[in-house]
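Position chain U relative to chain Y; hints supplied.
First to last, the protein sequences are chains Y and U.
If you're matching positions, the first sequence starts at 1 in the working numbering and goes up one per residue.
If you're matching positions, the second sequence starts at 189 in the working numbering and goes up one per residue.
Check the hints yourself; a few may be wrong.
The calculated label-pair distances, taken between Cβ atoms and stated as ranges, are [to be verified]:
1. R3/Y x P325/U: 48 to 58 Å
2. D210/U x K115/Y: 28 to 38 Å
3. M344/U x A162/Y: 47 to 57 Å
4. L134/Y x R252/U: 16 to 26 Å
5. L188/Y x K303/U: 17 to 27 Å
6. E347/U x R3/Y: 45 to 55 Å
Chain Y regions said to be covered by chain U (calculated; three or more residues, Cβ under 8 Å) [to be verified]:
7. 46-58
8. 76-85
9. 90-104
10. 158-171
What the hints contain is simulated information worked out from the structure, not anything from laboratory work.
Just so you know, even glycine gets a beta-carbon here, dropped at the ideal spot from N, CA and C.
Listed below are the residues making up each chain.
There are 2 protein chains.
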Amino acid sequence: MIRDLILKNRSYRRFDESAVMDESTLRDLVDLARHSPSGANLQGLKFILSWTPQKNAIIFPCLRWAGYLKDWGGPEAGERPAGYIILLGDTDISKNFGVDHGIACQSMLLGAVEKGFGGCIFGSVRRDELRKQLDIPEQYEILLVLALGKPVEQVMVDEVGADGSIKYWRDEQAVHHVPKRALDDLIL
Amino acid sequence: MIRDLILKNRSYRRFDESAVMDESTLRDLVDLARHSPSGANLQGLKFILSWTPQKNAIIFPCLRWAGYLKDWGGPEAGERPAGYIILLGDTDISKNFGVDHGIACQSMLLGAVEKGFGGCIFGSVRRDELRKQLDIPEQYEILLVLALGKPVEQVMVDEVGADGSIKYWRDEQAVHHVPKRALDDLIL
Chain Y
1 MIRDLILKNR
11 SYRRFDESAV
21 MDESTLRDLV
31 DLARHSPSGA
41 NLQGLKFILS
51 WTPQKNAIIF
61 PCLRWAGYLK
71 DWGGPEAGER
81 PAGYIILLGD
91 TDISKNFGVD
101 HGIACQSMLL
111 GAVEKGFGGC
121 IFGSVRRDEL
131 RKQLDIPEQY
141 EILLVLALGK
151 PVEQVMVDEV
161 GADGSIKYWR
171 DEQAVHHVPK
181 RALDDLIL
Chain U
189 MIRDLILKNR
199 SYRRFDESAV
209 MDESTLRDLV
219 DLARHSPSGA
229 NLQGLKFILS
239 WTPQKNAIIF
249 PCLRWAGYLK
259 DWGGPEAGER
269 PAGYIILLGD
279 TDISKNFGVD
289 HGIACQSMLL
299 GAVEKGFGGC
309 IFGSVRRDEL
319 RKQLDIPEQY
329 EILLVLALGK
339 PVEQVMVDEV
349 GADGSIKYWR
359 DEQAVHHVPK
369 RALDDLIL
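Isolated chain Y (complex conformation):
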């Protein structure tokens, strides 16, 4: 059931870094993105894959982790992502990628969850640094980064409380809580 997969697909930020990712897994995920909708079928997305400790170590510091957790700078060594997929927009094909990269991320995350992995979409990226470190040509706009690994954290979906806050938070057991708005509040 797609619903089970969507419910299991939480934004995970702590992983078992020893559970390695390989190129074949990442290629499978990109192939899911390849078969997902693309505005005017332009297919302007390109992908950089990372699954080695060396390349992962370059990408990791280019990401800004969990804006609402002010006391947490990101996962410690050992709990960092085992792989990444960098989503680029090829400006030789289009100057506007619409929501193609969102669609692609959701397909790839659902594929990852089905394989026993999980991940988190990063829009907050040190793009200049990432471009420099990986020598990404100016032709490619850096859109999003998908961080992937085998999750070691528990994520709970809660109802938005009386204060109306949607900020995620962690309890004493390091369980990550994510307040979601009620269905009736989303439908006009």
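Same frame as chain Y, but now just chain U:
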């Protein structure tokens, strides 16, 4: 397998209009969107549902159908969508919805395919007309429209040919062909 669902989820534009959609089905789909990733967990999307012939008839002419099929103005009566989900951005929550609406559409489309339906995402929408006809307050930005129904057309994924064209086309049997770039061409 999520791959099967993603492969089956083509952009369908001709439907069996007699296969009716109901409110409960559409609400189930929005609940999939509700549990999908949202940038900074802001959850700024709102949804308008349509499943009655009267409301469907208002929405249909506000959509621009299949830009590459110059001789086709959209589906005839009897092959039109049985329902719609209009994705809005609530500007009281955010001014920038990132790719939330793309993520939401992919979740809802996969849910629709699993239920035996299918659909098409519309970014090309007569927004002023739609706003006026449905009396949508200015607070809500019209982001996308998802058209849904029981598909009656066959859609084939082809490889991009030697001419490099990604324009979809229809053959003599009205089979819809969609050229997709090769996986190796997407990975840098």
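Structure-based check of each hint:
Remark: the range hint 48 to 58 Å for R3/Y to P325/U is contradicted by a beta-carbon distance near 31 Å. Evaluation of the 28 to 38 Å hint for D210/U and K115/Y yields a pass: the beta carbon distance comes to about 34 Å. Separated by about 52 Å at the C-beta atoms, M344/U and A162/Y satisfy the suggested range of 47 to 57 Å. Distance hint check: the CB atoms of L134/Y and R252/U are about 38 Å apart, inconsistent with the given range 16 to 26 Å.
At about 23 Å, the CB distance of L188/Y to K303/U agrees with the hint of 17 to 27 Å. For E347/U and R3/Y, the Cβ-Cβ distance of about 33 Å falls outside the hinted range of 45 to 55 Å, so the restraint is violated. Interface restraint, the region 46-58 of chain Y with chain U: holds (4 residues with C-beta to C-beta distance below 8 Å; minimum three). Counting residues of the region 76-85 of chain Y whose beta-carbon sits less than 8 Å from any beta-carbon of chain U gives 0, not enough to reach three: the coverage restraint is violated.
Only residues whose C-beta sits within less than 8 Å of a C-beta in chain U count toward coverage, and the region 90-104 of chain Y has 6 of them, enough to reach three; the restraint holds. Three residues within the 8 Å Cβ limit are the bar, and the region 158-171 of chain Y against chain U gives 3, so the coverage statement holds.
Of the numbered hints stated above, those contradicted by the structure are hints 1, 4, 6, 8, listed in ascending order.
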